[in-house]
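Engineer: Protein sequences, first through last, are from chains A and B. Residue numbers for the first sequence follow the working numbering, beginning at 1 and rising by one. Residue numbers for the second sequence follow the working numbering, beginning at 1 and rising by one.
These are computed hints drawn from the structure, not numbers from a lab. Mixed in with the good hints there might be a few duds.
[Said to hold, decoys possible] Lysine-lysine pairs mimicking BS3-like chemistry, simulated, CA-CA at most 30 Å apart:
hint: 1; chain 1: A; residue 1: LYS397; chain 2: B; residue 2: LYS272
hint: 2; chain 1: B; residue 1: LYS272; chain 2: B; residue 2: LYS315
hint: 3; chain 1: B; residue 1: LYS244; chain 2: B; residue 2: LYS99
hint: 4; chain 1: B; residue 1: LYS315; chain 2: A; residue 2: LYS397
hint: 5; chain 1: B; residue 1: LYS272; chain 2: B; residue 2: LYS99
hint: 6; chain 1: A; residue 1: LYS397; chain 2: A; residue 2: LYS367
Chain by chain, the residues:
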Amino acid sequence: MTERLRVDWRASLALVGSVLKYLAVPLCVPLAIALYYGDGGLVAFVATIAVTLALGLALERLDTDPDIGTREGFLMVSLTWLAVAVVGAIPYLIEAHGLPGVVAATHPESTLGDPANALFESMSGFTTTGATVLGQISLDAHSRAVMMWRQESQWLGGMGIVVLAVAILPKLSVGGAQLMEAEAPGPGLEKLTPRIAETARALWVLYVGLTALEIVLLYGLHLLGPVVGTPLAPEMTFYNAVAHGLTTMPTGGFSPEARSIEAFSAVVQWVIVPFMIAAGVNFALFWHLWKGDPHHVREDAEFRGYIGVTAVATAVVAGLLYTDPGLAGVAGAIEPSLRHAVFQVASFVTTTGYASTDFNAWSAPTKYVLLVLLFIGGSAGSTGGGIKIIRWLVVLKSVRRELFTTVHPEAVRPIRLGGQVIDEAAVRGIQSFTLLYFVLFAVASVLVFVNGAAIEGGLTTLEAVSVTASTLGNVGPGFTHFGPMDSYLLLPDATKVFMAGLMWIGRLEVLPVLVLLTRSYWRS
Amino acid sequence: MRIVIVGAGEVGASIAADLSDAHEVVVVDVDPERVERLTYDVDALPVEGDGVEPGVLEDADVSEADIVVASTDDDETNLAVCGTAATLGDPFTIARVQKTAYLRTWRRTRRAFDVDFMVCTDLLTAQSVVRVIGFPTATDVDPFAGGRVQMAEFEVPPESPFAGQTVEEADRFDALTFAAIIEDGDAVIARGETVIPAGAKVLVIGAARSVEAFAAAVAPESAIGDIDDIVVVGGSQQGFLVAKLLEERGFAPRLVEHDEDRAREIAERLPKTTVMAHDATDADFLERENVGEADVVVSCLDSDEKCLLVSLLSKRLGADRAIASIETAEYVSLFETVGVDVAVNPREVTAEEITRFTRERRAENVAIVEPGTAEVLEIEIDSESVLAGRPIREAVADLPSEIVIGAITRANDVITPRGDTVVEVGDHVVVFVPTSASAEVAERV
Numbered sequence: 001m002t003e004r005l006r007v008d009w010r011a012s013l014a015l016v017g018s019v020l021k022y023l024a025v026p027l028c029v030p031l032a033i034a035l036y037y038g039d040g041g042l043v044a045f046v047a048t049i050a051v052t053l054a055l056g057l058a059l060e061r062l063d064t065d066p067d068i069g070t071r072e073g074f075l076m077v078s079l080t081w082l083a084v085a086v087v088g089a090i091p092y093l094i095e096a097h098g099l100p101g102v103v104a105a106t107h108p109e110s111t112l113g114d115p116a117n118a119l120f121e122s123m124s125g126f127t128t129t130g131a132t133v134l135g136q137i138s139l140d141a142h143s144r145a146v147m148m149w150r151q152e153s154q155w156l157g158g159m160g161i162v163v164l165a166v167a168i169l170p171k172l173s174v175g176g177a178q179l180m181e182a183e184a185p186g187p188g189l190e191k192l193t194p195r196i197a198e199t200a201r202a203l204w205v206l207y208v209g210l211t212a213l214e215i216v217l218l219y220g221l222h223l224l225g226p227v228v229g230t231p232l233a234p235e236m237t238f239y240n241a242v243a244h245g246l247t248t249m250p251t252g253g254f255s256p257e258a259r260s261i262e263a264f265s266a267v268v269q270w271v272i273v274p275f276m277i278a279a280g281v282n283f284a285l286f287w288h289l290w291k292g293d294p295h296h297v298r299e300d301a302e303f304r305g306y307i308g309v310t311a312v313a314t315a316v317v318a319g320l321l322y323t324d325p326g327l328a329g330v331a332g333a334i335e336p337s338l339r340h341a342v343f344q345v346a347s348f349v350t351t352t353g354y355a356s357t358d359f360n361a362w363s364a365p366t367k368y369v370l371l372v373l374l375f376i377g378g379s380a381g382s383t384g385g386g387i388k389i390i391r392w393l394v395v396l397k398s399v400r401r402e403l404f405t406t407v408h409p410e411a412v413r414p415i416r417l418g419g420q421v422i423d424e425a426a427v428r429g430i431q432s433f434t435l436l437y438f439v440l441f442a443v444a445s446v447l448v449f450v451n452g453a454a455i456e457g458g459l460t461t462l463e464a465v466s467v468t469a470s471t472l473g474n475v476g477p478g479f480t481h482f483g484p485m486d487s488y489l490l491l492p493d494a495t496k497v498f499m500a501g502l503m504w505i506g507r508l509e510v511l512p513v514l515v516l517l518t519r520s521y522w523r524s
Numbered sequence: 001m002r003i004v005i006v007g008a009g010e011v012g013a014s015i016a017a018d019l020s021d022a023h024e025v026v027v028v029d030v031d032p033e034r035v036e037r038l039t040y041d042v043d044a045l046p047v048e049g050d051g052v053e054p055g056v057l058e059d060a061d062v063s064e065a066d067i068v069v070a071s072t073d074d075d076e077t078n079l080a081v082c083g084t085a086a087t088l089g090d091p092f093t094i095a096r097v098q099k100t101a102y103l104r105t106w107r108r109t110r111r112a113f114d115v116d117f118m119v120c121t122d123l124l125t126a127q128s129v130v131r132v133i134g135f136p137t138a139t140d141v142d143p144f145a146g147g148r149v150q151m152a153e154f155e156v157p158p159e160s161p162f163a164g165q166t167v168e169e170a171d172r173f174d175a176l177t178f179a180a181i182i183e184d185g186d187a188v189i190a191r192g193e194t195v196i197p198a199g200a201k202v203l204v205i206g207a208a209r210s211v212e213a214f215a216a217a218v219a220p221e222s223a224i225g226d227i228d229d230i231v232v233v234g235g236s237q238q239g240f241l242v243a244k245l246l247e248e249r250g251f252a253p254r255l256v257e258h259d260e261d262r263a264r265e266i267a268e269r270l271p272k273t274t275v276m277a278h279d280a281t282d283a284d285f286l287e288r289e290n291v292g293e294a295d296v297v298v299s300c301l302d303s304d305e306k307c308l309l310v311s312l313l314s315k316r317l318g319a320d321r322a323i324a325s326i327e328t329a330e331y332v333s334l335f336e337t338v339g340v341d342v343a344v345n346p347r348e349v350t351a352e353e354i355t356r357f358t359r360e361r362r363a364e365n366v367a368i369v370e371p372g373t374a375e376v377l378e379i380e381i382d383s384e385s386v387l388a389g390r391p392i393r394e395a396v397a398d399l400p401s402e403i404v405i406g407a408i409t410r411a412n413d414v415i416t417p418r419g420d421t422v423v424e425v426g427d428h429v430v431v432f433v434p435t436s437a438s439a440e441v442a443e444r445v
């Protein structure tokens, strides 16, 4: 006996189709770059545009008037991210293999020819993780178009593909709030305007504005160098300025440079720091600031917690670096130790994953501080991954309450954040999310560790734990062999596919994906 | 004066009895028995009927009345009575309410619901309890400029840090002006060198939060002794307000409420209060939570008997003082004999307030500080005013010397007047003037 499915999967798929159809627009950017530079990738992107349009239009025909409820929302959001990552992997494959009968492979030596690698790289892009499996990160080994597509995929994923869809697709104005809720980082969605589409648009306008500001500043430094007579940012060409602008605000971490941000001058590193920190702030706060309400920002408990954690961690790391005799040029020097400390702490707390130096060379205590930061993950409503400051605050406060009520069993203590009472149902939700996150992390670490035996020498515990936390939290680099200047290429294919799944689950904050695996979701 | 009182319950009857010796009083009530009883007890004209009926109010000759007091036990009826009375004539209307929500709305415009003066029973009771604990509260608060500016009178106890100081020394509050010192019924303009004698009242005008800050500071630590542990039993509106007023004075009281949902609601609204959900008549619970260590236990439970029980229980456990809010007037003295230190009767407190207020009859936006001595006026500045467009220092030369400009509101801001402040057309100024000069000031300003 078959029970009727209670999920209108056709509606979900039809909307996934709409998103895929519109994915053709951002794909035109690398296409234009391929035309401009003429160093390959033209066919790859033409073919990908064709595929995404065809797939999108076909899926849209499943339901011409899709009606989205909560369940359909979860399915639509989860599948959108999966579909976009799969389509986004096509250019990588074509670059390595060519298109039989049309064009020969332009970069046959590319490691992304392996489908597992291509999927990993694409998922790492869209989920703003920033872990890479490129064998050689340089513009010689890949076309400029493909390298820019990596960057752009992070930018699209940062503020959220679904948020963008809600902003531009009028048919999503009704179920839009639920969709954004399922995608947006953090425990709740803050409506800034009466219409959800306007909220989505406001968020994207802020996002675009901050990104543009960063690009202008970075390229401005490059241009300013010759004028003042000292090279301020000789490496920061227009291509690089755009490439890094596209991966800072989404807390992405991809770079077309093999040495990440180490390749750039100290001034550039200092300029990137505030943008990373801004990316970890709840974007709703920028909106309030824009509306001339700085009070809202100052009083925000999460913002204060976020700045506090970043400041304390920076102080600790800077102290450790300053006194580490093993670090030539950094130990005993105030500016470099402070710069690397604030850069790396901001990069980890916000889950960006940039590196201003190879932190693998740092002492073990310093690295463990960074490892802990992998679990923090910026603020709710930011572009960061991980658990989020707001959840940590609520969990810590509920632990404190638990201790208090042990002594005074009759006491009634609501949990407050910045004076606002948090609903008990929300507190329970946050507790179980945090627990679930750690269970998932523990189980995944074991699986990664066990499967790591397949590669030569196996994985150390620190490696397995760091890469798992890094992919689940959408950070990017791990430690030792998977550090910021290395790649995840060494890992077995099965682990890479598994990690693509972790990034997917991590980006959508676990529940929207896991709920699809329950029986009660599909039946009754 | 002719005074119409609608609602002859305990509050109404008590007001009628207090006022009938000096004024003509008409009492309106729906209950024929009450009306009958009043005919013999009080020297007032009883009218039987519903106070929201225009015909009934006409029978009571409301159009000729100077004051209408709506004191039934129902908030909405009281508001409707004031509205009806304002439609039929032009009396000064006084409404008694239980819900603080109405009071908050009314404080914004002072004409809301056609009520000229509003008395909130629960708030008065809570203030009375807090006063009993040892904090001076404002003896009189009048809102101006939609509630943004307040004028308040405070008694300065001998232990207060302000007692014996000059105004200049005491004036360390933002957005607060010392207007006058009132001693033995005489209002003296507060100058920098004026000394504040112990036991006198000070009249301050300023932003609402500054007035609160002043209220907290006027209470010296020594006057309230070593009180720091206060337990409020009962999460009724009164209990809630007592805890709230204590929080405003920097205390972190404990509150016991047996209903879980209500306890949660109170805990959400009072961040500094430790709320416990349990039956307070459970002696084991009181012992476990060390209620015996408390300096003061305030009982605001819905039944007087329970209040007595809790007071006696906590006293036996060792609590220093027990204060109870007692609904039934007859129990007050009895309970005080058997062990409750102070019993506060909400109806009595309300009746006293309305009577006091009625005696010191006030008009719209004019608060008479001490009858016949001084007034506080709120005036909108037009281009004719001597203040318009000039710094205050220059403008006062054209005004009687005894005036104090207490506060200025411009759009939504409250401005503290200083010598160099320039008053603009459209500003509202709150001025303190002696009665003798008030006509002159009203004309020139």
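Engineer: I'd like to know which numbered hints this structure contradicts. Please list them from smallest to largest.
Structural biologist: Of the numbered hints, just 4 does not hold.
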